[in-house]
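J.: Residues per chain, in single letters:
2 protein chains.
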Amino acid sequence: MEFTEQSATDKDGTATTAGTAPGLTTPTDHATPLTEAAIRELGDLLDGRWAELRRHSRTVATDPDLVHVPGLPVPEHRDRVLAALQKLADASEVQRAFPTRMGGEDNPGGNIASFEELVVADPSVQIKAGVQWGLFGAAVLHLGTEHNHEEFLPGIMTLEVPGAFAMTEIGHGSDVASIGTTATYDPETEEFVIHTPFRAAWKDYLGNAALHGVAAVVFAQLISRGVNHGVHAFYVPIRDTTAPKDERGAYPMLPGIQSEDDGVKGGLNGIDNGRLAFDHVRIPRTNLLDRYGQVAPDGEYSSPIASPGRRFFTMLSTLVQGRVSLDGAAAVVSKMALAIAIRYGTERRQFTGADPDVETVLMDYGTHRRRLIPRLARTLAVQFLHNDLLERFHGVFSGEHDTDEDRQDLETLAAAAKSLSTWHALDTLQTAREACGGQGFLAANRLVSLRADMDVYATFEGDNTVLLQLVGKRLLTDYGRSTAQMDVAGQVRWVADRAGDMALHRTPLRRASQSIRDWGSRARSAEELRDPAVQRELLEDRVESMVEEIALRLRASQKGSPVEKAAAFDENQVELIEAARAHGELMQWEAFTGALEAITDPQAKRVMTWLRDVFALTTIEDHMAWYVVNGRLSAQRARTVTSYVERLLKRLRPHLRSIVDSFGYGDEHLRADIATGAEAARQAEAMAYHSQERATGRAPVSEKDTAKGRAKGAGRVGGQRASA
Amino acid sequence: MEFTEQSATDKDGTATTAGTAPGLTTPTDHATPLTEAAIRELGDLLDGRWAELRRHSRTVATDPDLVHVPGLPVPEHRDRVLAALQKLADASEVQRAFPTRMGGEDNPGGNIASFEELVVADPSVQIKAGVQWGLFGAAVLHLGTEHNHEEFLPGIMTLEVPGAFAMTEIGHGSDVASIGTTATYDPETEEFVIHTPFRAAWKDYLGNAALHGVAAVVFAQLISRGVNHGVHAFYVPIRDTTAPKDERGAYPMLPGIQSEDDGVKGGLNGIDNGRLAFDHVRIPRTNLLDRYGQVAPDGEYSSPIASPGRRFFTMLSTLVQGRVSLDGAAAVVSKMALAIAIRYGTERRQFTGADPDVETVLMDYGTHRRRLIPRLARTLAVQFLHNDLLERFHGVFSGEHDTDEDRQDLETLAAAAKSLSTWHALDTLQTAREACGGQGFLAANRLVSLRADMDVYATFEGDNTVLLQLVGKRLLTDYGRSTAQMDVAGQVRWVADRAGDMALHRTPLRRASQSIRDWGSRARSAEELRDPAVQRELLEDRVESMVEEIALRLRASQKGSPVEKAAAFDENQVELIEAARAHGELMQWEAFTGALEAITDPQAKRVMTWLRDVFALTTIEDHMAWYVVNGRLSAQRARTVTSYVERLLKRLRPHLRSIVDSFGYGDEHLRADIATGAEAARQAEAMAYHSQERATGRAPVSEKDTAKGRAKGAGRVGGQRASA
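Quick mapping for you: the protein sequence lines, in order, are chains A and B. Numbering-wise, UniProt numbering puts 365 at position 365 of the first sequence, and it's gapless, one number per residue. Numbering-wise, UniProt numbering puts 477 at position 477 of the second sequence, and it's gapless, one number per residue.
Just so you know, these hints were derived from the structure itself, not from any lab. A couple of the hints might just be wrong.
What the hints assert, rightly or not - Label pairs and their in silico Cβ distance ranges:
#	chain 1	residue 1	chain 2	residue 2	range
1	A	T242	B	P75	55 to 63 Å
2	A	D478	B	G43	45 to 53 Å
3	B	P252	A	T242	51 to 59 Å
4	A	G677	B	I305	51 to 59 Å
5	B	H690	A	G594	45 to 53 Å
6	B	H690	A	T242	32 to 40 Å
7	B	D622	A	R55	37 to 45 Å
Beta carbons are placed, not taken as given, at the ideal position from N, Cα and C, and that holds for glycine.
Make a model of the complete structure from these sequences and hints.
T.: See below:
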């Protein structure tokens, strides 16, 4: 590797870090490699509170019985993943969230941390495990009471009862409240009658529904005594385990239940997703998961939560772990993608630069740095925010911090984090795959299959766009509350302030005052840009201003008809979602900045601070039009952002391998041919061949170096090289 | 469908189009549907010069033997695609580019047009056909002379001889000039010795190499009499067709030749990509494809092109059809993706708006319009630029317009078009897939498998980043020429002008003058933004300014050492590639604008003009930071761009189905369950069920509508609906 590191010597990093790290002010310090201890320290920080469980699970994920086999036909892949789940269940790897009294560990946070690392083996294994224990099992745990637990959890925990989580319908995905399936109570027999009234109400996309599931938690409108009490969950046996399995490995359906196979999908083909429909299927009254709603034998409905709306929200909020764990899995996969692409990018050479005999390492190209390093920085932000989210999740579900407000904050943060991180993972995987060229397209290098599997993370457990709208609405609500608490005089003052402030932003007044500062040196500007207070102000200001503008516009429409109100919301929807995204980015920045404080190794802290700065400044770059149009940054300052980013990318170049090494994913986890050093070996062999040819005089003379060739104007070759 | 159209009534389109289309100035005209004739006219325009061949091929692509079968195991998919190729060859569907005297049609443009539509059947069929006839066969045609044609083309045209195009090596993809394979001439036996000197020189990613290829066109450094004459192409038999096939369907390798299977890929798994290596393999002297380089029996090398650099460029430029056809295939696939997503988006409903009993159609959401309509506009731009490119390609290869300059222009335009269109296709497929939610992830709805197959289009036949760099270098060369032609006084004046201009852009002078105009009404601004001259100026200005700035910076470094020059280039690489992208977008805009002129139906012309405006203005929006920072648009004007785009998106809403219908892809081409009207039928059934329940009084009362429920504060339900 030393040849690649050499070429990355930082050329312009003289003055900019002076003053922040005393004693480390000479230019060469920028390239001082991280020590092994520093890399370990970063690894501990990234792996977070449940580092030990996380690493244990990462090792479990290298089990040859669990890992993804490219090209396996769908039926074999499904069988293989089912067997993998049984192995995990038998080894008690997947039950940590369940009660200790039932063989679990009452450890919600640790359970999610270890679950997330299963994606290393095969995302199908992770998600099928998620269906069984994180959705089907968790629904029984969180929506049921002790009698439900005693009756249903043992079979779920051991996988004796594989099950489906039957919430989504063909006609209703994100809008769960509107599902069509009904559960009508019949006091005569003390049974619920589960029914699918029309095609759009078929349950769809359910893991375990096509083949392996023998029961399901079915969400349906609970109707008793002619009143619809809203969506509740019911435990429904769906397949007859007393009969023999068919040739696909499925038990026959129980009477009144139909199943369809969703068939081949864009990824996750180790999971047997399918549809379910119910024709007046009767289940005992006690199969209602009755923590948040009970029906007495006579049909009298009762609930500990009086408001149907709040009850619905509370029930769904118990299932937030799906989003939390997808957020973490997205972080894991992004780290893997970058470990593969950066390893290859620091070895692979293509085209010559200054020296005609030595080809340039990809990572020494400006474009390659631009493609990979900002995504590395963002991946760290994603991981640190995930660590905060997981702590918060554990707080709520362990009961340590479980107020209504805690649950709402958790819900909002999970929605923001999951949508940003799953889109980021797709973007990172695709960029990594393209950065590896043709190699990136081979399944042997892992990136394409991971991308195919991760695709659906953007729309399941909540469509990302819908989730961001949820975040946006929460921001509006909070904003409304903060203004509602003012007295009338305060409101008048506040509105006047806002009006003045908005005029300020629309005219160049604020810009004018900033432009005075802009006449200072570029180095001075760079100094300011790496000031966390400046970064925070820029990121915060954008969220707050956008929310405020939207709120004021919506407020203006509040006196209109329902149609006008709906139209006003529609006109603000795109910007509301953008505001929610900005909020998520601010949360990522806060988490990254918070994480820096814990780093003790000075060089590690410095390199990670550069990466935090890259995250902050490329985020600001992405939204530069907003900052300039709204007078937050002058044109001159906007240019400084980009040139400072470029400087940071160069400065980070020698440290990239150390950073991805700190992720803790070795060859056995990455399972990518190009991330094993094979490319460096091939390059070395080729270079040795060429230099030996030259040394022994066996190398042919190039036509353009012959007398005849020189006369013919061979100079064009260089310029045309890229033409293939 | 009428209920969806109703809800899209344009609410604010009163004054903005007045004046451009006399007689069509009443507000309701905006929503006047396109007539059948207008839709056909648009279809003709989009299908271009070879519309008839294109439609014929589109029909061929519905042949059940050709279409993609999701989930087929790789070996079966490979067999199926080979059989599909034989069927195409037998029906003379794929030989139109070959000489009439040999059974072809001497129709290069028509050949590509019909080839592009094969992607409708299965991208593997398209690309395997491309390998056989567009690369392997085209190399023999364009790089060989008559004796090569007579000897090799008949077997290639009938598929009796499936072959590989062995250019890329493990160690060298885009940098073809540096490949390691050698072809050393031996005058004793009058043979070339083909040799792979090290592992990095193995040929890789070659379609037909793993199984089906029995010959290959091998690119190698031609060495004779101790001189390396650069890369040439050789026809090399690789498998022994006299021996029986093995169980995989492959003949055994000929002596000295090794093959490896690339295995499973991210897509295109109907093609048997693989590697080849040669251990001193001897072929006759006459197997050199000798149009651009001949070796006499005694080893004397000669070429009609004296300069080795120009010779290399000329040889590679004959293979530009790969890029041209990928550009066209990207357009086809983007159109299919939008036809699927827009059909579904105009039927699918989710969440209620103003009316609590009627759910809102997805396409009536601001975010949905933002996601799909700008991509529809860009797809049209891609198609129109492709039509221009294909005309240009036909001009060169039919000999009608075949100068050096024509070839260089073709090469540059193909590089720009292909990189922008293939990235656009991936972006569009992914957006379409997410816009269709879980349905989008099912193979039955086509989007995921098309995306998987199209992935590699971004890096094969030239890595998109490398291609854009090629375009950027051409822009710099052209710029250098235009300044070089000036006399000294002119240069001085020019530099002074530029300096003044740049100062102007860095200070707010130009902005100040514009800001006077900005105080006019917003309608007035919108008027200006839809003036094609204003759009062109904005797009052109950006390309020219970026190229100029880069050129001036590079010029400043020209006196430095090679290391300094390389560093200067590296520092400008990201921006050069961005300038190339801007150039491509300008070309797309020009093509779109040019195409508008041909439309005779006034309403079609108007709707297409809105779409051109959406393309122009969203492109400007994407680069808004540049426009504002560089003083081309004021902050006020920048806001107008976005609000005008929003207005256009609403105005286009009722016409979306007509536009995608004009693409000419019916159910038989799209083969997507959700694009068949099935969703509308399900919605209708559900709505009928609910209204009948209400009518008959069978519907249960909602808990929140009971006296008890109202007391409990049911108002929260609406706000929380999105929480699942």
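J.: Does each hint hold? Answer for all of them.
T.: Structure-based check of each hint:
1. T242/A to P75/B: 55 to 63 Å: Taking Cβ atoms as reference, T242/A and P75/B lie about 39 Å apart, which means the hint is violated.
2. D478/A to G43/B: 45 to 53 Å: holds (51 Å)
3. P252/B to T242/A: 51 to 59 Å: holds (54 Å)
4. G677/A to I305/B: 51 to 59 Å: Violated, at about 42 Å.
5. H690/B to G594/A: 45 to 53 Å: Between H690/B and G594/A, where Cβ atoms are some 50 Å apart, the hint holds.
6. H690/B to T242/A: 32 to 40 Å: Holds, since H690/B and T242/A (Cβ atoms, about 38 Å apart) stay within the stated range.
7. D622/B to R55/A: 37 to 45 Å: For R55/A against D622/B, whose Cβ atoms are near 42 Å apart, the range 37 to 45 Å holds.
Figure legend: structure checked against the earlier numbered hints; hints not met, in rising order: 1 and 4.
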